[in-house]
Amino acid sequence: MSDMQEIILDSTNKMFKSLCSKELIDQLEEGIFAEELWSVLVESGITSVGVPESLGGTGGDYNDALHILQLYGRFSVPLPLSETLMVQWLLADHRVPASREIFTLSVNLKNKIEIEETTKGYSIRGKAVHVPWARHAKSLLVLVNFEGASKVALLPLEQAGVEYNSNLAGEPSDTVNFESIDVENIFLEDVEEEKFRMKVTNLGGLIKTAMMSGAMEALLELSVLYSKEREQFGRPLHRLQAIQQHIAVLSGETVASVTIANKAIQAFGKGMVDHEIAAAKLKLSESAGKVTEIAHQLHGAIGVTHEHRLNQVTRRLWAWRDEFGNENYWADQLAEKVMSSNKESLWEMITDRPVTKVPLGEGIK
Amino acid sequence: MSDMQEIILDSTNKMFKSLCSKELIDQLEEGIFAEELWSVLVESGITSVGVPESLGGTGGDYNDALHILQLYGRFSVPLPLSETLMVQWLLADHRVPASREIFTLSVNLKNKIEIEETTKGYSIRGKAVHVPWARHAKSLLVLVNFEGASKVALLPLEQAGVEYNSNLAGEPSDTVNFESIDVENIFLEDVEEEKFRMKVTNLGGLIKTAMMSGAMEALLELSVLYSKEREQFGRPLHRLQAIQQHIAVLSGETVASVTIANKAIQAFGKGMVDHEIAAAKLKLSESAGKVTEIAHQLHGAIGVTHEHRLNQVTRRLWAWRDEFGNENYWADQLAEKVMSSNKESLWEMITDRPVTKVPLGEGIK
Amino acid sequence: MNKLKIPIMGFTEEQETFRNEVRQFIKSEKETFESQVDSWLSGYSPEFSQKLGKKGWIGMTWPKQYGGKERSSLERYIVIEELLAAGAPIAAHWFADRQTGPLFLKFGTDEQKEFFLPKIAEGTCYFSIGLSEPNAGSDLAAISTKAERTENGWVLNGMKIWTSGAHLSDYMIVLCRTSPKKPDRKHEGLSQLVVDLSSPGVTIRPIKYLTGEEHFNEVFFESVIIPEENIVGQEGNGWKQSMAELAYERSGPERILSTFPLLEELIGTLRENKDVQGMGESMKLLSQLYSLRHMSIGIAQLLEEGADVNTTAALVKDMGTKFEKNVAEVARLIIASHPSMTSDVRFEKLLAQSILHGPGFTLRGGTTEILRGIVTKGVVAE
Amino acid sequence: MNKLKIPIMGFTEEQETFRNEVRQFIKSEKETFESQVDSWLSGYSPEFSQKLGKKGWIGMTWPKQYGGKERSSLERYIVIEELLAAGAPIAAHWFADRQTGPLFLKFGTDEQKEFFLPKIAEGTCYFSIGLSEPNAGSDLAAISTKAERTENGWVLNGMKIWTSGAHLSDYMIVLCRTSPKKPDRKHEGLSQLVVDLSSPGVTIRPIKYLTGEEHFNEVFFESVIIPEENIVGQEGNGWKQSMAELAYERSGPERILSTFPLLEELIGTLRENKDVQGMGESMKLLSQLYSLRHMSIGIAQLLEEGADVNTTAALVKDMGTKFEKNVAEVARLIIASHPSMTSDVRFEKLLAQSILHGPGFTLRGGTTEILRGIVTKGVVAE
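Residue numbers (the UniProt record's numbering), protein chains in the order written: chain A, 1 to 365; chain B, 1 to 365; chain C, 1 to 382; chain D, 1 to 382.
Bear in mind the hints are in silico, worked out from the structure with no lab data behind them.
Check before you lean on any hint, since a few could be wrong.
[What the hints assert, rightly or not] Below, in silico cross-link-like pairs of lysine-lysine (DSS-like), each with a Cα-Cα straight-line distance of 27 Å or less: (1) C:377 / C:186; (2) B:270 / C:5; (3) C:5 / B:14; (4) B:110 / B:127; (5) D:240 / D:181; (6) C:30 / C:55; (7) D:274 / C:322; (8) D:182 / D:240; (9) B:337 / C:106; (10) A:195 / D:284; (11) C:5 / B:17; (12) C:27 / C:274; (13) D:240 / C:284; (14) C:322 / C:284; (15) D:322 / B:290; (16) D:274 / D:113; (17) C:119 / C:106; (18) A:228 / C:208; (19) C:284 / B:337; (20) C:27 / B:343; (21) C:113 / C:69; (22) B:228 / C:208; (23) A:228 / D:5; (24) D:208 / B:17; (25) D:3 / A:17; (26) A:290 / D:3; (27) C:284 / B:195; (28) A:343 / A:195; (29) D:284 / D:5; (30) B:110 / D:3; (31) A:195 / D:106; (32) B:228 / B:112; (33) B:343 / B:270; (34) B:195 / B:343; (35) B:14 / C:208.
[As the list claims (entries may be wrong)] So these bits of chain B aren't anywhere near chain A, every CB distance computed over 12 Å: (36) 13; (37) 158; (38) 245; (39) 353.
All residues carry an ideal CB built from backbone N, CA and C; glycine is no exception.
Take the sequences, apply the hints, and build the full model.
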C-alpha cells in the first residue's frame, strides 16, 4: 500500500467513524436519506475517485476506490456510493465528465426498456427491477432496446415512477417505471450486450467483495468486543471454550475473506484479472453465511434486536452475498474458466500469473 | 419389537460380544477367515434368517434379519453375512432351498459375463469387479449374457480366478475372472435387468443402512467411554465444553441415523416402502462423514492407531457409505420420486403412508 | 444407550382420517391468511385462534370438563404439524395451548382450571411466559423479580425481557422470587404467578426484532398487586415447574417446521421448473426432515407414556433448529433470487423471512451450548 | 486487528523462472516415484532426497558455509509447494530441512552447525522430533523423559511417542527434563538433546497407523549416553525453543496441500469427462485453496521479516487442515467410486489415502481446540 493511499484511507476511516453513526444508518429504513453525509462525500471527492482528473474526477486508482468501499462496508454507510462510482467509471470510459449527482444502474435480465426517437428527442418506455437506490438517484444506467438493437443508456429518473422495495438490509432496491416519458437528449451508446453484462457483473462482484470484506472485519470486531465485555458464570465470555471456538472460526473466515478480497483488488488494480474476482466473490458469499451465524450465536438475544448494531452488519452481508452473483453463480464462472483453460494441470492454473487484461478501461463496448 | 425378536437379538448380541473380539476382526486383514465364528453363525441359523422354514431356512422375517445386521455393524463382524443373506433371499423367491454355504453377489455395471451352452453344460467367460468376499465364497449371484439376453445366474467360484482387493475397511472386494470355465449345471433365470438392479440396490442400500446404524451406535459408545476414562488438565474429557459439543453432535447424528434406519427397516418389514430406503441411506451416508470425523477428533492420536478399536468402526463407515449408492445417488433417486409424485404438495408426500409394495418377494424378475 | 432410544411410531387409519379433516379445514381457510415462516411466533390472528377453538383443536388433550376434547397427544401432534406446515397464524394462543394449559392441569387449583382452561380452549385467552431477565438468561437462579406477600395479595416488582407476544397477551406466567436466595439452594424460593397484564403497574415495551417487527418485549412490574390465589403450584417450587415446561417444549414440530413453508415453495418451484439438479440438491433437507420428524413423533409418544425425554428432546431442538436455518441456506443457493420482506414473489418473501428469523431459531428455548451440555450430561450419565 | 493483517505477495519474474526449473526437474523424475497424498509424512525416499540435495533444494536458505544456498524463503516456498503439489516423496529429509536445520542455525554451536547442516543439505542425514509422551500430549510441561548430567555426558531415560519417521531417521531432537520441575515454573528445566538413534539403549517400536502403515513410533531410552556437547541451545530453554519451532511450522504449504494430488486428479477427470456440473461443485474447494495459499505465502513473508505470526499461522493450520480433509469429502461425492488403497485406479487410490490419512491432518502439530485457543487469545489480546 502506498503512503498516499494510506493517508486517503486513514482520513476516510476517520470520516466514516465520526459521521456514520448507528442512528444515521437506522434512519435509512425510516426513509430518511443521509443528505449531509452524502454532501461530505461529494465535497471530499470520494464520489468520483477513480475518475481521471482530466475528466473532472478526483483521480486516484481503482485500488484506492475499492479500499474505500471496504471501509464503506465496515461502517455500513447508508448511501449509494458504490453505484455512483460504478456508473461514473463506466461513463468515464466514454469520456463523460465526472458529476456530483447520484447515479444508479441495473443490468437485470428482466428489464425491458424501449427507447424511441421522437421529433423532440426520445421517448422511454419500460420497467427496471431491483434498481438500487433508484428513489434517490438522478439517473439510471441501463441496457435498452433502440431501433431493434441493444444499447446502453443513461436515463433521467425525475419523471419515472418508482415503486419502493428494499433488500434484506433495508437498502432501497426499487422498481422503476418509465411510462412513455419524453426527454430531449440522453446518453445512448452502442454496446456488445454480453460483454457489457460480464463487465458490469465482474465490476459489481468485485465491489461487493470489497464491501463484504469490510463488513466481516466489523463483525469480528463487534464479536471480540462483546466477548470481552460480557460475562457469563462470572467469567468474560471469551474464556469459555465454546466461545473460543466461535471466535477462532470467525477470525479464520474473516482473514481468509479479507485476504482473497485484497488479492482480487490488487489484481484488478494492476489490470490483470483472471479468476480472482470469481474466486473472491465465491469465497465471500460462502463465508458470509458462516460468519453471520457465528456472530449471532455469540451475541445471543441482544444481537437479534434492532437496537444493536450487529444487525446492520449481518443484514448487509445477507443482502450483498446474493447481489452480483451468489456463490453458485461464481462457481459456475470459475468452472468454465478451468474447463477451457489451456493449462495442462490445475496446479499450473493456480500458480499462473494472470495476464488477461481486465475489459474495464476499454470503453463501454 | 416383538418378544420373540427381542430374544433373538439379545442372544445374537451376546454371541457377537463374546466371540467377535478386536483381534478376530484384525485377523481379517491378515488374511485369516473367521472360520469358527462363521460355523457358529451357520449352526445358529443366522445365515438363513428370513428364508422360510419350508425351504429349509431359519424362518423369521426381514425385520429380524435387518436388526441382526444392525448388531453385525455394531460389532464389526468380519464375515460375509449380509451377502449370504441377500443371495439366499433372492434365491428363496425362486424356491431355491436354503444352504449352509457362503454366497456373494455383484450387480456392477462393468461386469461382462458371457454364458454359452455347451455339449456338457455351460461355459462361463468374463470378469466381475468389486465382488465382496469372493475369495471365501462358494458361489456368485450375478447378471450374465446368455444367448443375447440378460439373465441372472449363480456361478460356482471354485475354478474362477480371484484377484485380491479390499475396501477401506480391509474387507475383501475382489475381482473374479472366469476364463472359459465349464460347468455342468447352473442356476440361470430370466430377469428384467433394470428391475433386478433396482431391487438389489434397494435391498443392498437398506442392509448397509442397518449395518451403518449399528456401527454409529458403536462409535458413540466408544467415544462416550473414552470421554469418561480419559483426563485432560485434571478433569475427565467430557467436562470440557468443546468435548461436550462433540458428544452432543455425535449423539444427535447417531440418534437421527438410527431412527431413520429403524423406520426404513420397519417399513420394509411390512412390505410397504416408498421413499424410506432412499432417505435412510442418504442420511446415513451423509452422517457417516460427520460422526467419524468427530469420533477421531475426540479420540486424538490414540484413535488413529491400528491398535485401537476405533478404526475398525470408522473404516467400515467410510467403506459402507459408498457401497450400494452414496448420498448423491440416493438423493437423485429421491428427487425422481418427488418429481414424479402424484401428490400436490411436499407436505402430502411427507405425511403419506407408503403403500407401494416392495418388489422383493415377487421372485427374481 | 437407553436414554437415546426412540420408538418408531405410525399413525392409525383413524388418525389419518383426522389429519385429512384438519387439512381440509386449513385449505378452506387459505384465503384468510398469508402463509408465513415461523408462524407460531409471528402469525398473530385472534380470529383464526377462535376458529381453531371452535373446532376443538386448542387444549384438545385436556379433560372435557375444562373445555378440552380428551384426544390423544398424537392427534394434537397432527393438528400442530398441519398448521405449522401451512404457515397458519397460530401465535396468539400458542403458549397458552402448549405450556400454560398443561401447567394449570398439573399444578393449578380447581378454581384456576375452571377459570382459565375453558377460555384458552375457546381461543380467546392468551398467555405469555415471563422467564428471562437481563442478568438471568441461561442462569435462571439469578432472577431478581420478586413478589412479597401482603394483606392485599402479592406485590410484584421487577422486570422480564424477551417475552414473546406479551404485548398481545392477556396474562403472563411470571417466575419470580418469593423468598430470599440461599447460596446453597439458589433454585429454591422461586414461584410462578399469573399476572393480569392489564393490571396497574404493568408496563410493556416492545423490543424491535432485527427486522423491525415486534415479537418480544420488556415487561416492567411496579408494585403490581396480584391476588393471593394467583400463585401456580407450590410456593417455592417455581423453578422445577418451569424446567419441566422447558423440557416439554423442546421436541415439538415447531422446532423442525418453522421454515417449512419455504421448503414447500422451493420444492414446488423445482417441480414446476422440472429442475432435476436442483431437486437432487434439495433432497438432503428432505432426509433430515424425515429423521427429525420421526424422532419428534417418537418422543411425543414417550412423553405420553411419561418417559424421561430430557436428552432426546434437547437433541431434537438442537438439530431441528439447525435444520430450520439450513432450509434457507440451501434454498437460496438452488434458486438465485432477491430475497426481500417486501417482495411480491412468494419464494423471495419466505426466503427473506427465513434468513432474518434464522438467528432466533437457535436462541429461543435454550442456546446451542446449553442444549449440548444437557445432551452430554444425559449421555455420559448412563 | 493488526495481528490478523496479512500482506498480499506476488512472485517476481525470476522466482517464476525458478519455479519452472523446479517443475521441470519434478517432471523429469515423474517415473521414479508414485505421486501420493500426504507425501511429506509418508513418502520416504532417500534417493529422491539426495537428488534434491544435489539440486541445492534442501537447506536452501542457509548460509553457504554450511552447505546452504542463501536463497530467499519465498524461493524455498516455491520448491516446497511444487514438491507437495506433485506428491513427491520428501518425508526422509522433511523434519531436518524444516525444523532441525533452522534450530541449529538459531541455537546450535559452531561444531553442531558444521557437523550436521552440510549433511542435512546433502539429503543424507535425517532427523525426527521427540516431543509427545503418553501423558504429555497437549501439555508439554508434563514431560517426564529426563537427562542427567554425568561425567560421561548426559544419561537419558524415558520414552517418546507419536514420533514421525523415527524408525527411518538418524537422529532425534529430544525434549527432556534436565532439572526438576518447579510448580510455578513448570516449563523451565527442559532442554533439547540430539540423540543418535543408533546409540545403545534406544529402542524404536513402530506404531501402526489405522491403515496398517508405519509412520510413527514409540521410542524408548534406557540409560542412553549422550555426549555433553549434544545439547542444543541453552540448558533449560528447551520449551521456548520447541514452541518457537511449532509456531514456525503451522502455516507452511504442507498444511494446505497434503491432499492436492487428489484435487488435481479430480479436476483432471472432470475436465476429461467434460462434467460441467461436477466442476461447478468443486470450485468452492478452489476458492478456499486460493485464499489459504495467499494467506500462507503472506505469512512466509512476515516470517522472513521477523513479524509475530503466532495467531495467523494457527489460523492457517486450523483452516488448512480442514480444507485438506474436505477435498476428500467433496471428491468422493462428485465422482462415485470404490476408494481403495489397493486399487489400480489412480483416483480411487488417492481418495483412499486422503480419507484414511484425514484424521491425522487435524491432529498433528496441535489439535483444533488448542489452535483455536491460540487464535482467540491472540485476537482478544489486542
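Hint-by-hint comparison with the structure:
Between residue 377 of chain C and residue 186 of chain C the CA atoms are separated by roughly 21 Å; this keeps the pair inside 27 Å, and the hint holds. Between the alpha carbons of residue 270 of chain B and residue 5 of chain C the distance comes to roughly 21 Å, so the proposed pair stays at or under 27 Å and holds. Taking the CA atoms of residue 5 of chain C and residue 14 of chain B, the gap is about 19 Å. The hint holds against a cut of 27 Å. Restraint check for residue 110 of chain B and residue 127 of chain B: satisfied, since their Cα atoms lie roughly 9 Å apart, inside the 27 Å limit.
Proposed proximity of residue 240 of chain D and residue 181 of chain D is supported: the alpha carbons are some 15 Å apart, at most 27 Å. This hinted pair checks out: residue 30 of chain C and residue 55 of chain C have alpha carbons roughly 16 Å apart, not beyond 27 Å. Distance restraint check for residue 274 of chain D and residue 322 of chain C: the Cα-Cα separation of roughly 36 Å exceeds the 27 Å cut-off, and the hinted pair is therefore not satisfied. Annotation: proposed proximity of residue 182 of chain D to residue 240 of chain D holds, straight-line Cα distance about 16 Å (limit 27 Å).
About 46 Å separates the Cα atoms of residue 337 of chain B and residue 106 of chain C, which puts this hinted pair outside 27 Å; it is violated. Pair hint residue 195 of chain A plus residue 284 of chain D holds up; C-alpha atoms about 25 Å apart against a cutoff of 27 Å. Distance hint between residue 5 of chain C and residue 17 of chain B is fulfilled; the C-alpha atoms sit about 20 Å from each other, no more than 27 Å. For the given pair, residue 27 of chain C sits about 26 Å from residue 274 of chain C by alpha-carbon distance, which is consistent with the 27 Å threshold.
Of the pairs offered as hints, the one joining residue 240 of chain D and residue 284 of chain C is violated, with about 49 Å between alpha carbons and a cut-off of 27 Å exceeded. At roughly 13 Å between alpha-carbon atoms, residue 322 of chain C and residue 284 of chain C fall within 27 Å of each other, so this suggested pair holds. Between residue 322 of chain D and residue 290 of chain B, the direct Cα distance comes to roughly 13 Å. Compliance with the 27 Å bound is thereby established for this hinted pair. With a CA separation close to 54 Å, the supplied pair residue 274 of chain D and residue 113 of chain D exceeds the 27 Å bound.
As the CA atoms of residue 119 of chain C and residue 106 of chain C are separated by approximately 17 Å, the hinted pair is consistent with the 27 Å bound. For a cut-off of 27 Å, the pair hint linking residue 228 of chain A to residue 208 of chain C stands: about 25 Å separates their Cα positions. At roughly 14 Å between alpha-carbon atoms, residue 284 of chain C and residue 337 of chain B fall within 27 Å of each other, so this suggested pair holds. Proposed proximity of residue 27 of chain C and residue 343 of chain B is supported: the alpha carbons are some 15 Å apart, at most 27 Å.
As the CA atoms of residue 113 of chain C and residue 69 of chain C are separated by approximately 15 Å, the hinted pair is consistent with the 27 Å bound. At roughly 45 Å between alpha-carbon atoms, residue 228 of chain B and residue 208 of chain C are farther apart than 27 Å, so this suggested pair is violated. Taking the CA atoms of residue 228 of chain A and residue 5 of chain D, the gap is about 21 Å. The hint holds against a cut of 27 Å. Restraint check for residue 208 of chain D and residue 17 of chain B: satisfied, since their Cα atoms lie roughly 25 Å apart, inside the 27 Å limit.
Note on residue 3 of chain D and residue 17 of chain A: the hinted pairing holds, with a Cα-Cα distance of about 21 Å set against a maximum of 27 Å. The hinted pair formed by residue 290 of chain A and residue 3 of chain D meets the criterion: a straight-line CA distance of about 22 Å does not exceed 27 Å. With a C-alpha separation of about 25 Å, the suggested pair residue 284 of chain C and residue 195 of chain B falls inside the 27 Å cut-off, and the hint holds. For the proposed pair residue 343 of chain A and residue 195 of chain A, the alpha carbon gap of about 24 Å is at most 27 Å, so the pair holds.
Our distance criterion of 27 Å between C-alpha atoms is met by residue 284 of chain D and residue 5 of chain D, whose separation comes to about 23 Å. Taking the CA atoms of residue 110 of chain B and residue 3 of chain D, the gap is about 56 Å. The hint is violated against a cut of 27 Å. With a CA separation close to 56 Å, the supplied pair residue 195 of chain A and residue 106 of chain D exceeds the 27 Å bound. Distance check on the hinted pair: residue 228 of chain B and residue 112 of chain B sit about 53 Å apart at the alpha-carbon level, beyond 27 Å; violated.
Our distance criterion of 27 Å between C-alpha atoms is met by residue 343 of chain B and residue 270 of chain B, whose separation comes to about 23 Å. Between residue 195 of chain B and residue 343 of chain B, the direct Cα distance comes to roughly 24 Å. Compliance with the 27 Å bound is thereby established for this hinted pair. Restraint check for residue 14 of chain B and residue 208 of chain C: the C-alpha separation of about 59 Å exceeds 27 Å, so the hint is violated. The Cβ of residue 13 of chain B sits about 36 Å from the closest Cβ of chain A, beyond the 12 Å cut-off, so the non-interface label holds.
Look at residue 158 of chain B: its CB is around 47 Å from the nearest CB on chain A, clear of 12 Å, so calling it non-interface holds up. Under the 12 Å C-beta cut-off, the non-interface status given to residue 245 of chain B relative to chain A is violated; the minimum distance is some 6 Å. At the 12 Å boundary, the C-beta of residue 353 of chain B stays outside the reach of chain A, the nearest C-beta of that chain being 36 Å off.
Hint check: violations occur at hints 7, 9, 13, 16, 22, 30, 31, 32, 35, 38; the rest are consistent with the structure.
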